[in-house]
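Novice: Given next are the chains, with one letter for each unit.
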Amino acid sequence: MAAATSKSYFWKGFRDGTPFVFVAVPFGLLFGVFATEAGLDIIQTMAFSATVFAGAAQFTALQLLQDNTPTVIVLISALAVNLRVAMYSASLTPYLGAAPLWQRALGAYLIVDQSYACSIVRFEKEPDMTVQQRMIYFVGSVTPITPLWILGTYLGAVLGTQIPESWALDFALPITFLSMIGPMMRTLAHVVAALVAIVVALLTVTVPFNLGLLIAGAAGMMAGAQAELMLERTKT
Amino acid sequence: MTAIDPITIWIIIVGLAIGSYLLRFTFIGLVGDRPMPPWLLRHLRYTAVAILPALIAPLVVWPTATEGQPDVSRMAAAAVALSVGVVTKNVLAAIFSGAATLYGLLYLLA
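Protein chains in written order, with the working numbering: chain F, 1 to 236; chain D, 1 to 110.
No wet-lab data here; the hints were simulated from the structure. Where hints are given, some of them may not hold.
[What the hints assert, rightly or not] Coverage of chain D stretches by chain F, computed from C-beta distances (three or more under 8 Å per stretch; other residues unrestricted):
{"hint": "1", "stretch": "15–25"}
{"hint": "2", "stretch": "46–58"}
{"hint": "3", "stretch": "74–81"}
[Unchecked claim] Calculated lysine-lysine pairs in the DSSO-like style (CA-CA distance at most 30 Å, straight line):
{"hint": "4", "chain 1": "F", "residue 1": "K235", "chain 2": "F", "residue 2": "K125"}
{"hint": "5", "chain 1": "F", "residue 1": "K125", "chain 2": "D", "residue 2": "K89"}
{"hint": "6", "chain 1": "F", "residue 1": "K235", "chain 2": "D", "residue 2": "K89"}
For glycine and all other residues, C-beta sits at the position ideal for the given N, C-alpha and C.
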């Protein structure tokens, strides 16, 4: 009986995660193309997608590499973009923190936007789930995504060199990111954070080593946090 | 576009692989059930919405493909992608309408 329930939670997760395939495949394709254009070979491109497993951070690193940014700054900036997975990890901890260490170590690798988004909704909706059921659900939610993300990257890398310049793929990255930013604007504080970050980024564009990105990111985060505090105060 | 040195690429890949894993593991693996300070969580909440626009803004205003000359098609595509994303909350719809705007205008203005 316990096995049957576990199995059904796996499939519940799988079902909830499936729509995100339509994000993971094109995004993987785009990364494959972009990496090939940047001069990465297929092994490097595949290793990138399979080990880092974080599209936004991967795109950031490639973009900065092309601007001849020092390696340390590339690493810090890309990890800063990926700080949100630390946030996800923190947010999942109350639900999964009691699982065995090996499961948490394995699960950590699978924390992405999609698995987090599915899981947190389900965990909040069903507070009676056991830790094991939650872990199984979490793994289920990311199961349709991971192989297709890697396959998408592969196809993009293979097709990438054949795509003509007139397709304006230089702008695929800005469009993809802007499209991701739109749905993130959930509260006024999010909008404030984004606007402050944009203004500071444009003002600091001449700062060497692309450090303007980190300055602007920090400014945006502080602005968002302050805006949240102020909004809470006016509410009460 | 200058070729990137393969050693640099591998340093970035390995560095990001380890770094990203540590970001994911730190809280769930090491913090466990201990609570975190609210000010930290409050700042972490805005990392993605701050860093991503900061990365994109200069690329929209001064695109690399046009050697830094502001470009109507790209600005319009950016505006459409962002607006559709805000309104529909749908990433794919935003990507497609942004791409359609870009191609439409590049074709019309060519």
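Novice: If a hint holds in the structure, say so; if it does not, say that too.
Specialist: Structure-based check of each hint:
1. Closer than 8 Å: that is the beta-carbon criterion, and the stretch 15–25 of chain D has 9 residues meeting it against chain F, so the requirement of 3 holds.
2. Coverage of the stretch 46–58 of chain D by chain F holds. Counting CB-CB distances below 8 Å, 13 residues qualify, and the rule asks for three or more.
3. Using a Cβ-Cβ cut-off of 8 Å, 4 residues of the stretch 74–81 of chain D lie near chain F, which meets the minimum of three, so the contact claim holds.
4. Taking the CA atoms of K235/F and K125/F, the gap is near 26 Å; set against the 30 Å cutoff, the hint holds.
5. Between K125/F and K89/D, the direct Cα distance comes to roughly 21 Å. Compliance with the 30 Å bound is thereby established for this hinted pair.
6. Between K235/F and K89/D the alpha-carbon distance is near 26 Å, which keeps this suggested pair within the 30 Å criterion.
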